[in-house]
Amino acid sequence: MSDLGFTVEPGSVTGFLGPNGAGKTTTLRMLLGLMQPDAGTATFNGAPYTSLPEPLRTVGAVLETAFHPARSGRNHLRVYCRAAGFPLSRADEVLVQVGLADAGDRRAGGYSLGMRQRLALATALLGNPGVLVLDEPANGLDPEGIQWLRGFLRHMAHDQGRTVLVSSHLLSEVEQTVDRVVIVGAGRLVREGSMEQLRSGADGAGTVLVRGPDVARFAEVLRADGAQVVQEDGTLTVHGSTPADVGRRAFATGVELHELRSRTSGLEEIYFQLTSGSEQFAAPSPTVQEATR
Amino acid sequence: MIRLVRAEWTKLFTTKVWLGLLLGACVMVIGFSVLFTSFAGNAESGIPAVGTPLYEKLALATGANANILFLILGIIGMTQEYRHRTATPTFLTTPRRGQVVVAKLLAYALVSVVFALIVVAVNYVTVVIHAGARGAAPSLNGDNLEVLLSSALALVIYAVIGVGLGALLKNQVGAIVGGLVYLFVVEPVIRSIPATSGAYKWMPGGGLEALTATFEGPELLGAWQGALLLLGYGLLAALLGTLLAVRRDVV
Chain A
1 MSDLGFTVEP
11 GSVTGFLGPN
21 GAGKTTTLRM
31 LLGLMQPDAG
41 TATFNGAPYT
51 SLPEPLRTVG
61 AVLETAFHPA
71 RSGRNHLRVY
81 CRAAGFPLSR
91 ADEVLVQVGL
101 ADAGDRRAGG
111 YSLGMRQRLA
121 LATALLGNPG
131 VLVLDEPANG
141 LDPEGIQWLR
151 GFLRHMAHDQ
161 GRTVLVSSHL
171 LSEVEQTVDR
181 VVIVGAGRLV
191 REGSMEQLRS
201 GADGAGTVLV
211 RGPDVARFAE
221 VLRADGAQVV
231 QEDGTLTVHG
241 STPADVGRRA
251 FATGVELHEL
261 RSRTSGLEEI
271 YFQLTSGSEQ
281 FAAPSPTVQE
291 ATR
Chain B
1 MIRLVRAEWT
11 KLFTTKVWLG
21 LLLGACVMVI
31 GFSVLFTSFA
41 GNAESGIPAV
51 GTPLYEKLAL
61 ATGANANILF
71 LILGIIGMTQ
81 EYRHRTATPT
91 FLTTPRRGQV
101 VVAKLLAYAL
111 VSVVFALIVV
121 AVNYVTVVIH
131 AGARGAAPSL
141 NGDNLEVLLS
151 SALALVIYAV
161 IGVGLGALLK
171 NQVGAIVGGL
181 VYLFVVEPVI
191 RSIPATSGAY
201 KWMPGGGLEA
211 LTATFEGPEL
221 LGAWQGALLL
231 LGYGLLAALL
241 GTLLAVRRDV
251 V
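Protein chains in written order, with the numbering used here: chain A, 1 to 293; chain B, 1 to 251.
Bound conformation, chain B alone:
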């Protein structure tokens, strides 16, 4: 299994996809942090003022917004095999295909730990500089550190979900578009409609919100429950994908 995980890392780092996604995630989180801090204390925006614990909690959770890029990282990691038709040599090398999926889950989870720590570090530094310039840089106290690490955990889990979703759908463009539509259209609708908002806490977006600090919203699970729910979705998708899609004939 270690061999297979290392093979996945070789695949990842011999193209530049990882660099684009990591830089994209950093740029994204810098943008969100700067915007958020700029409007902090602005009565119309509703964002609490710089220096308050709630502001710090929310500003340091913006890293979780990069979840979509980590989702894409996982999706590409799995679906590239089908898109570029390398599934044939990959499954010739490892005929027990479930092992390939497990290796990808492990490889992308571990790589995402490093990437996610970079993203939340960028988040923290950006907020420290910008909020510091506006009067009060957040300290790295226990609460703030917990927020940062929760964001990082969310990003890692989204990469796992991406691998699972990729295994289930196999089609790269379809999986990415489907993931985006789900996260930005379907879930917000479910979240906002009173009749369905009760179910929202059981959905991936609800799990993410539970794990990371957000504005007051619908009823949510506890942070750890949210994390387990998210991870469960990722592993369920990977399991179903292995059984239903990956085992299918490679034509």
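So that you can see chain A by itself, here it is in the shape it has in the complex:
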């Protein structure tokens, strides 16, 4: 990882996205004091994890879905209740919270991957923390489990005001859950912003598609305004604008238009563009796109 900096805010679910090998897990482990960065700091409310007086009460983390196979889920949780000084009844409470109450006395070695994810989440919830850090929590969950996880994380953030950071290599997996995204590729920050900003295109402002019989003249007008315009036959692609602005200019100029709409590329497409090919890591600006056409 190099020069990665971002902030995660309470009351929202932040997606930490990037392809496999982008350094997501490494970043989260550095965040939690399990790995030492060569330089830099990660803090929770201003304090590094390793200096937190009661870390489990501040941050709950799911990094590992491995457990001692011979120990029951309930006993696994009790170990950490003991270590953190929580009453043993917390183990039963969090088992109910994640829907594992009936499986609590079975050996963790016999759990399915989905049940392991739930047990790991239960471990993170033991201290009732204000911050949740989850590494690929949807891995191994069945569709019903993913549905449940979405609702659970949104409830944690939106209704209870907790800070939730959830990593994934699949945008589609967290698309319906997260409010903000931090996208990394090859160990570097590629994009940080709200889902709305990501949806509306590469640079926050959208791309507008214009069609009409006399778009060549209109292109000149827009270029004179300083807009980035690409002309292809009877179609203009205007970068960094909105349909309202383009429409207003067309009306003022008196140009006939047959189509005017914002061209939203699919989220998956944007995500793919952002994370594939190292030259794209510099965030594709409209000029770059124009140059490659």
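For the record, the hints were derived by calculation from the structure and aren't laboratory data.
Idealized CB from N, CA, C, for every residue including glycine.
Check the hints yourself; a few may be wrong.
Just some of the chain B residues that point at chain A, by a computed CB distance under 10 Å [unchecked claim]: (1) R3; (2) A7; (3) E8; (4) T14; (5) Q80; (6) H84; (7) T86; (8) A87; (9) T88; (10) P89; (11) T90; (12) T93; (13) A103; (14) V250.
Stretch-level coverage of chain A by chain B, calculated; a stretch enters the list once three of its residues show a Cβ under 8 Å from a Cβ in chain B [stated by the list, open to error]: (15) 31-43; (16) 82-96.
Got chain A; can you put chain B on it based on the hints?
Relative to the frame of chain A, chain B by itself:
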């Protein structure tokens, strides 16, 4: 720290490893006691006859042979965190990792006190029954009691060494195999070669021999020096393990 020690006990007693090792140690010590007593007074074996103080001293020290199982208990106690990848939640709960190692040293030392007393009690009862059947059951006099308690102390210290070795090596199989090879191959060789036998008294095996009664062998330290030497090895391994291995990144 009390919380962390109790957490280690919860870890230990929520799997069955402790039961297997304790029963194994009891079976082992019964076997050694019975064998030893069977050959007592046999001219070829060189074991003194039942009823002599030397026989009693040696027969009641057989419990120390379970040291290997106590070593394994300590090794598993530490290395299970890495083997089953519970090091992550453990160090998330206790980010100051040195505290985890100290808690394990304390937890396993205290548990081993109980286990070791059970083992030497089994040793004593076995010898009383078997030697009694052969004519003279040893009494629990001052000398014999000291031998039994020295054995128990040796077992406790070996559990501490196990935790230390586990912290240093982190790999469970490697630590156990390494420990076995060292105790049963490397040290006997060092002990038997005249050129190196002088150094033997400073080694863990030499410390164990000094602490517990054995046949006449190479020159040894005094009992208490042996105990301190052993404990020193365990704590040194734990310290080095904490500084060099446990602090490393948990990937």
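These are the hints, each one checked on the structure:
Here the hint on R3(B) is kept, as its CB sits about 5 Å from the closest CB of chain A, short of 10 Å. Using the Cβ-Cβ criterion of 10 Å, the hint placing A7(B) at the interface with chain A is satisfied: the shortest such distance is roughly 4 Å. Checking E8(B) against chain A by beta carbon gives a least distance of about 9 Å; that is within 10 Å, so the hint holds. Interface restraint check: T14(B) against chain A, minimum CB-CB distance 4 Å, threshold 10 Å, status holds.
Using the Cβ-Cβ criterion of 10 Å, the hint placing Q80(B) at the interface with chain A is satisfied: the shortest such distance is roughly 6 Å. The criterion of a C-beta within 10 Å of any C-beta in chain A is met by H84(B), whose closest approach is roughly 4 Å, and the hint holds. Residue-level restraint check for T86(B) holds (minimum Cβ-Cβ distance to chain A is 6 Å; threshold 10 Å). For A87(B), the interface hint holds, since its Cβ comes within 10 Å of a Cβ in chain A; the closest pair sits about 9 Å apart.
Hint status for T88(B) relative to chain A: holds, with the closest Cβ pair at about 4 Å, below 10 Å. Given the 10 Å rule on beta carbons, the hint for P89(B) holds: about 6 Å separates it from the nearest Cβ of chain A. At a threshold of 10 Å, the smallest CB-CB gap from T90(B) to chain A is about 7 Å, leaving the interface hint in force. Given the 10 Å rule on beta carbons, the hint for T93(B) holds: about 5 Å separates it from the nearest Cβ of chain A.
The criterion of a C-beta within 10 Å of any C-beta in chain A is met by A103(B), whose closest approach is roughly 8 Å, and the hint holds. Residue-level restraint check for V250(B) holds (minimum Cβ-Cβ distance to chain A is 4 Å; threshold 10 Å). A count of 5 residues in the region 31-43 of chain A with a Cβ less than 8 Å from any Cβ of chain B is obtained; the coverage claim is therefore met, three being the minimum. Coverage of the region 82-96 of chain A by chain B holds in this model, with 4 residues showing a Cβ closer than 8 Å to a Cβ of that chain against a need of three.
In the structure shown, no violation is registered for any of the earlier numbered hints.
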